[in-house]
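Start from the sequences, fold in the hints, and give me the full structure.
Protein chains: 2
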Amino acid sequence: MAEFPILYTTKAINEDGIHGEAYIEDGMRVPVASPTKPDPGSNPEQLIGLALSTCLNATLEAIEKEHDVPHQSKVETTVKMSRDRFGYQFFLDAKVTVPEVDLDTAAHWLAIAETRCPVAKLLGDNVNVKIHV
Amino acid sequence: MAEFPILYTTKAINEDGIHGEAYIEDGMRVPVASPTKPDPGSNPEQLIGLALSTCLNATLEAIEKEHDVPHQSKVETTVKMSRDRFGYQFFLDAKVTVPEVDLDTAAHWLAIAETRCPVAKLLGDNVNVKIHV
Chain A
1 MAEFPILYTT
11 KAINEDGIHG
21 EAYIEDGMRV
31 PVASPTKPDP
41 GSNPEQLIGL
51 ALSTCLNATL
61 EAIEKEHDVP
71 HQSKVETTVK
81 MSRDRFGYQF
91 FLDAKVTVPE
101 VDLDTAAHWL
111 AIAETRCPVA
121 KLLGDNVNVK
131 IHV
Chain B
1001 MAEFPILYTT
1011 KAINEDGIHG
1021 EAYIEDGMRV
1031 PVASPTKPDP
1041 GSNPEQLIGL
1051 ALSTCLNATL
1061 EAIEKEHDVP
1071 HQSKVETTVK
1081 MSRDRFGYQF
1091 FLDAKVTVPE
1101 VDLDTAAHWL
1111 AIAETRCPVA
1121 KLLGDNVNVK
1131 IHV
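Residue numbers (my numbering), protein chains in the order written: chain A, 1 to 133; chain B, 1001 to 1133.
Hints are computed from structural coordinates only; laboratory data are not their basis.
Only a predicted model underlies this, so the values are computations on that prediction, with no experimental measurement involved.
Incorrect hints may have been included.
To be verified - Quick list of in silico lysine-lysine cross-link-like pairs, DSS-like style, CA-CA up to 27 Å:
1. B:1011 with A:121
2. A:11 with B:1037
3. B:1121 with A:121
4. A:121 with A:95
5. B:1080 with A:11
6. B:1095 with B:1121
7. A:74 with B:1095
8. A:37 with B:1065
9. B:1037 with A:121
10. B:1095 with A:11
11. B:1121 with A:130
12. B:1065 with A:130
13. B:1011 with A:74
As the list claims (entries may be wrong) - Simulated coverage check for chain B against chain A, where a stretch passes if three residues somewhere in it have a Cβ under 8 Å from a Cβ of chain A:
14. 1041–1053
15. 1098–1111
For each residue, glycine too, the CB sits at the ideal point set by N, CA and C.
What follows is the structure, encoded as structure tokens:
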């Protein structure tokens, strides 16, 4: 990968475990709590969902721009959690809407976005992850 | 997967693209901005790093508890971004420290944690992701 220089680096740290804060080195702090307890706070489910929704929608926004249409796309990622044989598992379902074009065009743009968006590339081959219009 | 009931569901939404806000339905709002611009705000790099650090450290915390040792583990995930052939790619490097045990024990606990932590399971097989003590 040496032909592609690094454009950005960040460091995300958790010291507290599931109750407390996670934080970016020299950056934002996010209160975290167990998703199965009533305590307020975010959790890995929300954070990975926000990462996928934001990455994919930013990529769709770039594709809209290439087609000279105003940005209207939206990505909603539902994250579900259950146990599995050894611990826990997440199920991600990212629903994409591009209201200014027909469904075939939206599906085509999404296919392009999935080749560009780094979070979709990290997650997309997993059987627990669905990305669709 | 029908044998494992869903224990938690959340929905993470991005409408704005890379500049604006991403949000959890009925929950937190996160300002987002391009990582290559000086504008303040989080980004997919930070959010996926926080998801992995928090999930993995929460799992290590549970393993510490099973061994009756006080929680001291820490996970620092460095996320780097570069272009690739079709768009962008992320490189994730999660560095785990468990200061109260020796390195072999820490490596063993990490191996167990990787079989339980849902974010590690979603990301761990990717060549761009490294998880290590």
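Taking the hints in turn, this is what the structure says about them:
| no. | hint | result |
| --- | --- | --- |
| 1 | B:1011 with A:121 | holds, 20 Å |
| 2 | A:11 with B:1037 | holds, 17 Å |
| 3 | B:1121 with A:121 | holds, 15 Å |
| 4 | A:121 with A:95 | holds, 16 Å |
| 5 | B:1080 with A:11 | holds, 9 Å |
| 6 | B:1095 with B:1121 | holds, 16 Å |
| 7 | A:74 with B:1095 | violated, 34 Å |
| 8 | A:37 with B:1065 | holds, 18 Å |
| 9 | B:1037 with A:121 | holds, 23 Å |
| 10 | B:1095 with A:11 | holds, 10 Å |
| 11 | B:1121 with A:130 | holds, 16 Å |
| 12 | B:1065 with A:130 | violated, 34 Å |
| 13 | B:1011 with A:74 | holds, 13 Å |
| 14 | 1041–1053 | holds (count 12) |
| 15 | 1098–1111 | violated (count 0) |
This entry does not satisfy hints 7, 12, 15, going by the numbered hints stated previously.
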